[in-house]
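J.: Protein sequence lines correspond, in order, to chains A and B.
Just so we're aligned: the first sequence equals residues 207 to 874 in the working numbering.
Just so we're aligned: the second sequence equals residues 77 to 428 in the working numbering.
Please note that a few of the clues may not be correct.
Here are some chain A residues the structure puts well away from chain B; computed CB gaps all over 10 Å [unchecked claim]:
1. Ala438
2. Val454
3. Lys475
4. Ala731
Within a straight-line C-alpha distance of at most 20 Å, the following computed DMTMM-like cross-link-like pairs (lysine to aspartate or glutamate) qualify [said to hold, decoys possible]:
5. A:Lys406 - B:Asp316
6. B:Lys371 - A:Asp832
7. A:Lys386 - B:Asp411
8. B:Lys379 - B:Glu358
9. A:Lys406 - B:Asp309
10. B:Lys81 - B:Glu266
11. A:Lys210 - B:Glu120
12. A:Lys608 - A:Asp273
13. B:Lys105 - B:Glu120
14. A:Lys386 - B:Asp316
15. A:Lys679 - A:Asp282
16. A:Lys776 - B:Glu358
17. B:Lys371 - B:Asp316
18. A:Lys705 - B:Glu104
19. A:Lys406 - B:Glu374
20. A:Lys210 - B:Glu104
These stretches of chain A come out as covered by chain B in the derived footprint (C-beta under 8 Å, 3 or more residues) [what the hints assert, rightly or not]:
21. 232 to 243
22. 256 to 266
23. 385 to 395
Everything labelled a hint here was simulated from the structure, so no lab data went into it.
Using N, Cα and C, we set each Cβ at its ideal position, and we do this for glycine too.
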Amino acid sequence: MNQKPGVCTFCGTGCGHFMNVAGSTVERVFPSLNHPVSQGRLCVRGWNIHELLNTAQTINRPFIKKDGRLSEASYDAAVSLLVERLRGISPAAIGFLASPRSTNEEQFLLMKLARAVFKTNNISLASEAGHRGSLNVLHGGTGMAGMLGSIQEICQAEFILVAGSDITKQNPIIGSEIHKAAQAGAKVVTIDSRRTQMAKLSTTFLHITPGALKLAVAALAKYIFQEGLIDADFIKTATKGFDAFSAVLGKLSESEISARTGIARDEFKAVAEALSRSRTAMVFFSSGISGLDEDTIGYLYNLLAMTGKIGKPGCGVNPVAGLNNLQGGYDMGCAPDLLSGFQPLADQAAVKKFSGAWGVELNTAAGAPIYDLLSKSPSSLKALVVVDHDEGFIRAAEALGKLEFVAYIGAYQNRFMDHADVVLPVGRYIEADGTFTNTDRRVQLAPKKAEPAHAVLPGWKLYTLIAEKAGVKWNYGSPSDIMDEVARLTPAYAGISYKKLASAFGIQWPCNEKHPDGTAHFDIAMAGGSITFARVSGTFDMPETSADFPYRLMIGKAQDFWHKNNLMRKTFIPMREYNATLLDYPEGYVEIAPETAKALQVRNQWQVKVVSPYGELPLAVKISEDVKSDTAYAPYFAQDMIAPLLAGHPEIVQKGEDATIPIRIEKV
Amino acid sequence: MYLIKKSDVLNIAKALSAAYQVYGPVVEKVSGQTFFEKVDDISEITLAAPIPAAPPKSVVFPQAERIMSYRYAGGNTPVEIKPDYAETPKALFGLRSCDLTGIQCLDRFFLGQEFVDDVYRHHRKKMFIVTNTCVVPFKYCFCVCTDSGPCADEGYDLNLTDIGDNFFVEAGSAQGEALCKKLNLENASEQHRSEKNACVDKSITLFEEFSTESKAWISRVMNRVTTGFAKEDVWEYVGDQCFECGACSFVCPSCSCFNIADASGGNGSCNRLRTWDSCSYEGYSRMAGGHNPRKPVEDRRNKRFFCKLSYSQSKKYLRPGCVGCGRCNWVCPGDIGLPNVVKYIRRETTSR
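So that you can see chain B by itself, here it is in the shape it has in the complex:
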């Protein structure tokens, strides 16, 4: 437990930039939109910026990434194949707890099962994570319904909480502890810890007032989805509103589905790309030969919600697949962001 003055908090990022490529929340000036971005100038970071528009998922799982390259000159020449992807130590500075939870879900998918994904592992190893407690929730947030905020409780190296003039700093790992020592941070007292806890408690009470766009009774709906008590008509109502754009998957901190494509560069050279994919796309579940087990759009839509809200899936993540960031509600051209679908299932909504 340490303290750092508010005016000094970016010193942590500065110190990290010596050994890591730092990523942090940056506000684009004309639009006012927050991005969680690679930063070369630490002063660009706005720690108090609203939750970033896109989750930092792209740092560990980019929208499009070369995972291998090959070259074949034709005839009897051998094919040259090499794994070909980047390995840079990365520090995520000012991550929100929902987004950390998202990365933990991705870890369990890419690293926690029978096969370990080497490309993902390269992004993830040598990573330093500094989380930032949301002392005020944002319009679309509902992490209190998904047990993923407003304050991170594991998985970080350092956790920062704005307690007034200072940030309360908790170290969650040995490398976090070491950095605090290196920076000579002032020790915090139990008094400071109770101040931090009060800030978190207050944040939770503010959801009622601030988070007006999203609320989701997750536990209730998980029960219904798992036991098959979600009505067919409700899925149809949801499916009719799906524009098949893929946005919900792309902005979801925990969505991990991808497509593999070979991008030819001419002269026999080729990059194998891994790109984001979405279960809302018809081509996603289409099999060789043309059969598609999930051809109707409502079948594809309910797949998404089974993935986020059923017990069987949650066993893989050790938690619900939804982390309560509310981004799918921002970007959905229909009206079927996850919190809305939860509402439709609970109220058995089948028409306007």
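Chain A with its partners taken away, still in its complex shape:
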């Protein structure tokens, strides 16, 4: 029998799979039928993961840059150089960019390396602020920094809201679970500015004006409040802070809501009633690379809190991570101000605990996220250690060029290597034991499945070697020892061990004495009987159209993230599938409605000029029924090209799936 269990390492769903492995080659992949999350399903990425794992485009040996070119080196020489160079730079000028793809053990050791060995708190995940925004809202409201519900409980939800997420493309198996709930009778409502597949599969689709998502969610809350559809008992006995929220809702004008969202009052009311009347309800939204902003997430959380849909089976506010170990990255403390398990660095007791366990005095001076540091000019950063970076995010190339020292750590070849002074390879995911934490807090063990194809160290051994060269001896015999340390220092992981994980399909944290088998969903008792409403801004700025700029351009990310993904490019079938649109539209495209095309007198693939108040660019036309006549859509992979449209306004892209710019389209 040669079937080795594992966890798919593409998106944050955490589907189970089995692999046939011969030597260092993966012969085939098969879904795990009894896996509680995926139940026998995989998506196009998951079914073809062996193509990535078998690629020859791995980094097979360490490199050191000499005279502007990378030349082969030993681990000993490359690690020594890394340590020597970092030693010569003050801790405040050193940064670590962690990867949302690394295992928990690797994340934890990188965090330890940054803080305990190189004494810097400049560590962050390469995934922008989206997921942090979700965790801030959920942690602030409930004390739990993770999905409040559970993928397994989707089938128990009577009402499911999908807000601004192309979920069947980004996290297909979660989309599948929502679809199955709908088939079994759940009411599924999608709010989006574009007709996604989920929209087609929903009971109700609110096709909003781009940029109006927050207002649409607030409108639902308003009608629930106004029509007396709130769960008054729940609000009274189990929540704090509702008055401040309801005061914000009171200020919203009905006419403004309809005019700006494009949705009639009765449609909102019908959805509000369905949500309120259902016994159980969940909301799903993208978190991470295409995440919503924190304020919008606050409204979504409040919407479910005011209807009493938090803290019960089949309920929950559910951010969906786009990358496989994004949740685990935060759990392991890969954030400037957080230790593992969302323990703040500002908490003296926590710092004391870590300092004691690690035998060092931790630096408590606040660090900063790496992208914030890089975007400042001049940047205070002088050295950067980057792990497993997707090349789609190389937009800081100029800032990288100004650093004194860059190290790249990863398994697969990547354009980032060109920016590195030292390159250190680590093994593929199948070459070592490791755990990943998916978007519903499920910590899963993926045991080692193959021998290294080349003399490459697994990540945990590399980090141990770096520490050792820096004069700190870590005594880990295996990744299991690292998880034991995580468990000792992290209350949410207290009950987790490799032994426990090996005999099951993972454990959802918090796992501790009270919950030895983990926790499927948040319970009010976990927050001492009371949760808090999120504080929301009460402002709904939307870029306005005008006679000069009559169309609203949406900048989509979710689906197109995979287009530029460095990993997809190393496969055959996923590359073919994800790049299919790129082949049709090598210079990017703008999607417009048939009516718009008629008005402009253009056909598919014709060139047009898209003009915004800030700049202009040429794009090809793609005609689609999925956008409304006064809107247009441009995918994220064209971001390099979209940059001129946004000159000087990077904050627009920060709005994730809700990013919008007014434009006009000119026939060329």
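Add chain B to chain A, keeping to what the hints say.
T.: Just chain B now, kept in the frame of chain A:
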């Protein structure tokens, strides 16, 4: 017709292991999932295990397989090309009849037409097949609707049927007969044959009770699909539910479509791979130059069902392309496994 004691049945596999690489049903312990796997230790085989999660198609048509390698050092040096694939005699032990039917469909595709596929032929020749009658159907089974079970009637070397204390053994070929003789199996009587027939009949009656997840009125729908009476709206309803994952093709015992890709190994060396492909993928039907005759997802979806359920395709297989294993229903992220689509077409379902 022979008999072998239940406790001795694995002796057949043991005997085969002397000359063949044996494959059989093995249950993975933590998950309880059945795989049809290469076995080195015959005692790993669980003959009564539920139908394997993946069909044994991968034995003759692997998910990814090197079919050729070449090397080109550049300049005026010649290109070295060699056919490069494995040839091991294989025995499939405990195959279910639906999966045997799947292999027969693949035979007709790879061997039965104008071109004979040499790579496939190497897997298929020197093969010994032992089928195992399903005396109890499983949750997703509907082979009774596709004329491919629960008992195999041709194409095996030996067929086993659990008739209580013994397995009833039928030899379907000279090499099957020879093996029975070599093992000195006890001769079976007509009485035993009627016991076997009773077991098969009973299994058929159990479908109503056990196979609750799948039923498919294949003949009725074949007529509709072939004559164009399947409504456009139904195909759209089906297409909207397609997640374009490829799973239905990958788990289908009779799906034979493949992709060819050259995997560079550096230094001018290259492996040419044949990998599974799926008609649900947009890139599958895309042509050079960018034109795609089946761009909308519903057009790609109905292709699958034309392939499984139309007369013109069935003429190639000499039977429906569907073998009734129900696996596409297990793994579909939408709700469009073949039995469901049959239901939608029959009932003209266009919305929930």
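J.: Run every hint past the structure and note whether it holds.
T.: The hints, checked one at a time:
1. Ala438: holds, 33 Å
2. Val454: Val454 of chain A clear of chain B: closest Cβ-Cβ about 36 Å, beyond 10 Å.
3. Lys475: Since the minimum Cβ distance to chain B is about 23 Å, Lys475 of chain A lies beyond 10 Å and the statement holds.
4. Ala731: It holds; Ala731 of chain A is separated from chain B by about 32 Å at its closest Cβ, greater than 10 Å.
5. A:Lys406 - B:Asp316: Since the Cα atoms of Lys406 of chain A and Asp316 of chain B sit roughly 7 Å apart, the hinted pair holds (cutoff 20 Å).
6. B:Lys371 - A:Asp832: Distance ~15 Å between Lys371 of chain B and Asp832 of chain A Cα, so the pair holds.
7. A:Lys386 - B:Asp411: holds, 7 Å
8. B:Lys379 - B:Glu358: holds, 12 Å
9. A:Lys406 - B:Asp309: holds, 14 Å
10. B:Lys81 - B:Glu266: holds, 17 Å
11. A:Lys210 - B:Glu120: Within the cut-off at roughly 16 Å; holds.
12. A:Lys608 - A:Asp273: holds, 17 Å
13. B:Lys105 - B:Glu120: This hinted pair holds, its Cα atoms lying about 11 Å apart.
14. A:Lys386 - B:Asp316: It holds: about 13 Å lies between the C-alpha atoms, which stays within 20 Å.
15. A:Lys679 - A:Asp282: holds, 16 Å
16. A:Lys776 - B:Glu358: With Cα atoms ~19 Å apart, Lys776 of chain A and Glu358 of chain B stay inside 20 Å; holds.
17. B:Lys371 - B:Asp316: holds, 13 Å
18. A:Lys705 - B:Glu104: holds, 18 Å
19. A:Lys406 - B:Glu374: Status holds; Cα separation ~13 Å.
20. A:Lys210 - B:Glu104: holds, 9 Å
21. 232 to 243: holds (count 9)
22. 256 to 266: holds (count 5)
23. 385 to 395: Held - the region 385 to 395 of chain A has 4 residues with a Cβ nearer than 8 Å to chain B, which meets the minimum of three.
Against the hints set out earlier in the document, no violation occurs for any number.
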